[in-house]
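If you're matching them up, the sequences are chains A and B in order.
Under the working numbering, the first residue of the first sequence is numbered 1, with each subsequent residue one higher.
Under the working numbering, the first residue of the second sequence is numbered 1, with each subsequent residue one higher.
Calculated from the structure, these hints are not laboratory results.
Computed from a predicted model, the values in this text were never measured in an experiment.
Do not take every clue at face value.
List time: in silico SDA-like cross-link candidates among lysine to any residue, alpha-carbon distance up to 25 angstroms [as the list claims (entries may be wrong)]:
1. A:LYS220 x B:ARG81
2. A:LYS243 x A:PRO104
3. A:LYS210 x A:PHE68
4. B:LYS335 x A:LEU139
5. A:LYS243 x B:ARG248
6. A:LYS220 x B:GLU252
7. B:LYS365 x B:ARG81
8. A:LYS243 x B:PRO260
9. A:LYS160 x B:ALA331
10. A:LYS243 x B:PRO250
11. A:LYS243 x B:ASP261
12. A:LYS172 x A:PRO199
13. A:LYS220 x B:ARG248
14. A:LYS172 x A:LEU139
15. A:LYS243 x B:HIS53
16. A:LYS175 x A:PRO199
17. A:LYS243 x B:PRO50
18. A:LYS160 x A:GLU135
19. B:LYS335 x A:PRO104
20. B:LYS335 x A:MET121
21. A:LYS133 x A:PHE187
22. B:LYS365 x A:GLY433
23. A:LYS220 x A:PRO199
24. A:LYS160 x A:GLY111
25. A:LYS243 x B:LYS365
26. A:LYS243 x B:PHE52
27. B:LYS365 x B:PHE52
28. A:LYS243 x B:ALA331
29. B:LYS335 x A:LEU80
30. A:LYS166 x A:ARG267
31. A:LYS515 x A:ARG267
32. A:LYS172 x A:LYS243
33. B:LYS335 x A:PHE68
34. A:LYS160 x B:GLN232
35. A:LYS525 x A:GLY433
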Amino acid sequence: MTRTPMTFLQMKMNSLLTKMMSSAAKIVLRLKAVDLSWSRVARLARDLVRTRLDKSGGRIRLLMLGLFVAYVGIGARLVLLGLSHDPPLTLKVAADQAASGARPDLLDRNGEILATDIKTMSVFAEPRRIIDKDEAVELITAVLPDIDAKELRERLGSKKGFVWVKRQVTAKEQKEIFHLGLPGVGFFPENKRVYPNGPVGAHVIGFVDKDNIGIAGMEKYLDNQSLTDPHVAGFSIDPASLKPVRLSLDLRATHALRDELAAGLTRFHAKAAAGAIMDVTTGEVIAAESLPDFDPNNSNDMKDPTLINRLTVGVYEMGSTFKALTLAMVLDSGKVTLGSHVDARENLRYGRFTIHDLHATHRMLSVPEVFTHSSNIGSARLAMMVGVQGHQDFLRKAGQLDRMRTELPESAAPLIPKPWGELNTMTIAFGQGLNVAPLQAMMAVAGLLNGGNLMTPTFLIRSPADALAQSRRIVSEQTSESMRYLLRANATHGSADHANIPGYYAGGKTGTAQKNFHGHYSNDKVFTTFMAIVPADKPKYLYMALYDDPQGLPEDGGYHYAAYNAGRVTGRLIERVEPLLGVPPEQEFPTQPFPLLAKLGYGFDADKVAKE
Amino acid sequence: MISRAERGPVADWFRSIDRWLLGSFAALMVIGLVMALAASPAVAERLNLPTFHFVDRQALLLAPTALLMIVTSFLSPRHTRRAALIVFAVSMALIVLALLFGAEVKGSRRWIMGVQPSEFIKPAFVILAAWAFSEGGRTHGAVPSRILAFLLLPLTIVPLIMQPDFGQTMLISVVWAALFFMAGLHWFWVLGLGGVGAVGGFLAFRFSPHVHERVLRFIDPDSIGGMVDTFQVDTALQSILSGGWLGRGPGEGVYKRILPDAHTDFVFAVTGEEFGMLACLALIAFFGLIVMRGLWLASRNEDPFCRFAAAGLIIMFGVQSWINMAVNIRAIPAKGMTLPFISYGGSSLLALGLGMGFLIALTRKRPHVMLEQQARQAP
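So that you can see chain A by itself, here it is in the shape it has in the complex (with noise of 0.2 angstroms):
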């Protein structure tokens, strides 16, 4: 067999054949592969879109883990921020809380301003975003030249976001340095609280400090009770969204008195003075003063220690008017009528103490005696009928005992004795030995004049039914009325004839304690009050006037009594204010001034039974 070409040919066609034949084969095996691929992407693809319901319960647990840090997180913050003793501030909380707050308008009882907030401008920067500080201060200070540079310099230099320049700038000054074009350097309106009276009612109205924040009287009574603006945002320069408050006060009546008070002051010699106007169906304070006062818009007066207000922080040994609630207690008790007689023939021995009349009768006098004569024998033993825990019963429900608290912040605890035994009662019963706030005896006069409500005193308007719902009874209807009777009687023919002033039906009572040093009493130092009810058949205003240390002048006998000093001043107060008030002088007295006395027997007016 010869190899032909065409065999050789075939043999090599065949071996062609086969290798194309694996090559295709490879190939469809490739593409076999490629195929494969292909679904696994098909495959991936949908396991991308679709959702498996058995991977729930897991994903819920991640979710669950998620929003559980995302709470831990708020709660962590909030830690932080209460942690943190700089709190994150933007430029204008800053400011806001630099700045004076608005607060509301101050009137008396007629609507006339006591106090009230303008508005200013303050210059402020901020230091970060000045440019050149060097430059800054230059400019400042040529238009402020009050303003130390040094000073300033260091403060601009400081890293704070915000600081003052310069408080309560004039418009001009605004002007000037809003024409400087300091980058950084801004304006804040603030407001600035006036006293247009100035010091008239200080002690009452109190002041503010720089920040307009109330210090003291009703000022800081506002405070107290939220009555001003927050220190935020644009809303605490706007005065004009705060309702005003009213006060009980009359401006005219406190400015007489405070004018009164003063010429006293200064003619007997005086060390202080106070008083003040109440109405006794109400309990408001219609006036009150202390002097030495202050100009509340005059930060600097009001360092002085002295300046406390007499009224309802200093406690006094009120004296002989305390001898009203002594006398007020027995009759309300029911165990002696105002026919009753006391023996004042000899002076009252207690151990080694003696009691003894100023004015000494020697003899028994009536329940009205004792009163008009001022009698501390009569007192004391009237006072020992009721006994020591009587005696403190009836004080401590007429508020002598406990702190009276009214609006203003500042008050005093009364003083009272520790051990309280006979002889206090006895010294209480003339007015020495127990120490109040005059106001707080004030309150209790008014409640046994009034008919018998005891009302806490207020320095805001109130009506007489709020007055009367609020207020507890301390004595009967009828002992008022003869407490009013005695008071009447005391005018026309006791110590308080000053108060007598033609054409008012007044009472009054003097009260002159002598003054204690060391537990000694002084002779020559005595502490005077006054109280005056006007007018006495249908009591409507009380008034009450008191110096410390008045000095006798030589025109009045150098006495320094009360009924020379305090007593005056309120008879020219009564004749001065009540017409304020609108109570003109009458021209017929009431002819049944006390018609429950007149009911029992007792027919005869005041004149003619301090005559018998």
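Chain A is already provided as a structure; the job is to place chain B on it using the hints.
Only chain B this time, still in chain A's reference frame:
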């Protein structure tokens, strides 16, 4: 307590519901009333309304809300879906009506006939979305329900964006995403979309002046020119800080008098000022515990629909409360979002009653359902 021997719908209901959740919601309602007393008189007086206007309204609305919650909680899952469908359709119609005819209040058209239908659409949306996702996951070929789940989101949020109401839009989107995530979304998307979002956000911050300014305004208001309007958030923060740890005491707050939304979105800040940060922490913990309890109940539920819907509802409740409190402490930028049950708000309160009623209904113990399922799987 109701005896186990007793049968009947009420006894069954009481035994099978989660009493912790019910009690918590009742407690929140009471807290809400207390806070309405604290925060709203200041707002009412500012608006020249009677002092207790908002308190009275809140108290009046609590009764129907509680009733709605309890009635809803009697529903079976099937009836829940039907109720949600109806509520969704009605709310959607009202939203469209509000868009067309509603009066514009504070720059948006959300109100119609005294109600805010977008509040009611939220729980209904969650139920429907959960339904669609659970159906879509159950059967392999059920593409329509999965498509429905996808279409539901734009269908719901487009009208909300038109109002505009970005707070609700965001809330609904977040809940939808959470449902999608629960439904077993592949991690590729979770990470991929998250990454795209992060990069996009960064690019927007870098190159879009508007976004840039919005973000900066929140982070550091001073850096873009001082006085900008972050008044409410700043005031809210100051309010909380002024209260300190123990608070100024009930009724003693001062910031509420200038905080415009003290009774609604910023009631948490008033809580802080009057009752202190400790009370705020307690409130955060309370909300956190409710959410944890709800999610835990959901994760244990065998029925996919109930699991999804319950989780979605409680997540919505949780995210809403979280955003509100975070805004109040200035942790995130301001969003109009109420604090569930605590904030004043008529529609929001009723809608919450509805939604939480759904939640209690869906988390009821259903022994017979479990038995049926076991019986089906057995052969």
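Results of checking the hints against the structure:
{"no.": "1", "hint": "A:LYS220 x B:ARG81", "verdict": "violated, 62 angstroms"}
{"no.": "2", "hint": "A:LYS243 x A:PRO104", "verdict": "holds, 6 angstroms"}
{"no.": "3", "hint": "A:LYS210 x A:PHE68", "verdict": "violated, 49 angstroms"}
{"no.": "4", "hint": "B:LYS335 x A:LEU139", "verdict": "violated, 45 angstroms"}
{"no.": "5", "hint": "A:LYS243 x B:ARG248", "verdict": "holds, 23 angstroms"}
{"no.": "6", "hint": "A:LYS220 x B:GLU252", "verdict": "holds, 16 angstroms"}
{"no.": "7", "hint": "B:LYS365 x B:ARG81", "verdict": "holds, 18 angstroms"}
{"no.": "8", "hint": "A:LYS243 x B:PRO260", "verdict": "holds, 20 angstroms"}
{"no.": "9", "hint": "A:LYS160 x B:ALA331", "verdict": "holds, 24 angstroms"}
{"no.": "10", "hint": "A:LYS243 x B:PRO250", "verdict": "holds, 23 angstroms"}
{"no.": "11", "hint": "A:LYS243 x B:ASP261", "verdict": "holds, 23 angstroms"}
{"no.": "12", "hint": "A:LYS172 x A:PRO199", "verdict": "violated, 30 angstroms"}
{"no.": "13", "hint": "A:LYS220 x B:ARG248", "verdict": "holds, 18 angstroms"}
{"no.": "14", "hint": "A:LYS172 x A:LEU139", "verdict": "holds, 15 angstroms"}
{"no.": "15", "hint": "A:LYS243 x B:HIS53", "verdict": "holds, 21 angstroms"}
{"no.": "16", "hint": "A:LYS175 x A:PRO199", "verdict": "violated, 34 angstroms"}
{"no.": "17", "hint": "A:LYS243 x B:PRO50", "verdict": "holds, 17 angstroms"}
{"no.": "18", "hint": "A:LYS160 x A:GLU135", "verdict": "holds, 19 angstroms"}
{"no.": "19", "hint": "B:LYS335 x A:PRO104", "verdict": "violated, 35 angstroms"}
{"no.": "20", "hint": "B:LYS335 x A:MET121", "verdict": "violated, 35 angstroms"}
{"no.": "21", "hint": "A:LYS133 x A:PHE187", "verdict": "holds, 18 angstroms"}
{"no.": "22", "hint": "B:LYS365 x A:GLY433", "verdict": "violated, 80 angstroms"}
{"no.": "23", "hint": "A:LYS220 x A:PRO199", "verdict": "holds, 17 angstroms"}
{"no.": "24", "hint": "A:LYS160 x A:GLY111", "verdict": "violated, 44 angstroms"}
{"no.": "25", "hint": "A:LYS243 x B:LYS365", "verdict": "violated, 59 angstroms"}
{"no.": "26", "hint": "A:LYS243 x B:PHE52", "verdict": "holds, 20 angstroms"}
{"no.": "27", "hint": "B:LYS365 x B:PHE52", "verdict": "violated, 41 angstroms"}
{"no.": "28", "hint": "A:LYS243 x B:ALA331", "verdict": "violated, 36 angstroms"}
{"no.": "29", "hint": "B:LYS335 x A:LEU80", "verdict": "holds, 23 angstroms"}
{"no.": "30", "hint": "A:LYS166 x A:ARG267", "verdict": "violated, 45 angstroms"}
{"no.": "31", "hint": "A:LYS515 x A:ARG267", "verdict": "holds, 20 angstroms"}
{"no.": "32", "hint": "A:LYS172 x A:LYS243", "verdict": "violated, 31 angstroms"}
{"no.": "33", "hint": "B:LYS335 x A:PHE68", "verdict": "holds, 21 angstroms"}
{"no.": "34", "hint": "A:LYS160 x B:GLN232", "verdict": "holds, 24 angstroms"}
{"no.": "35", "hint": "A:LYS525 x A:GLY433", "verdict": "holds, 16 angstroms"}
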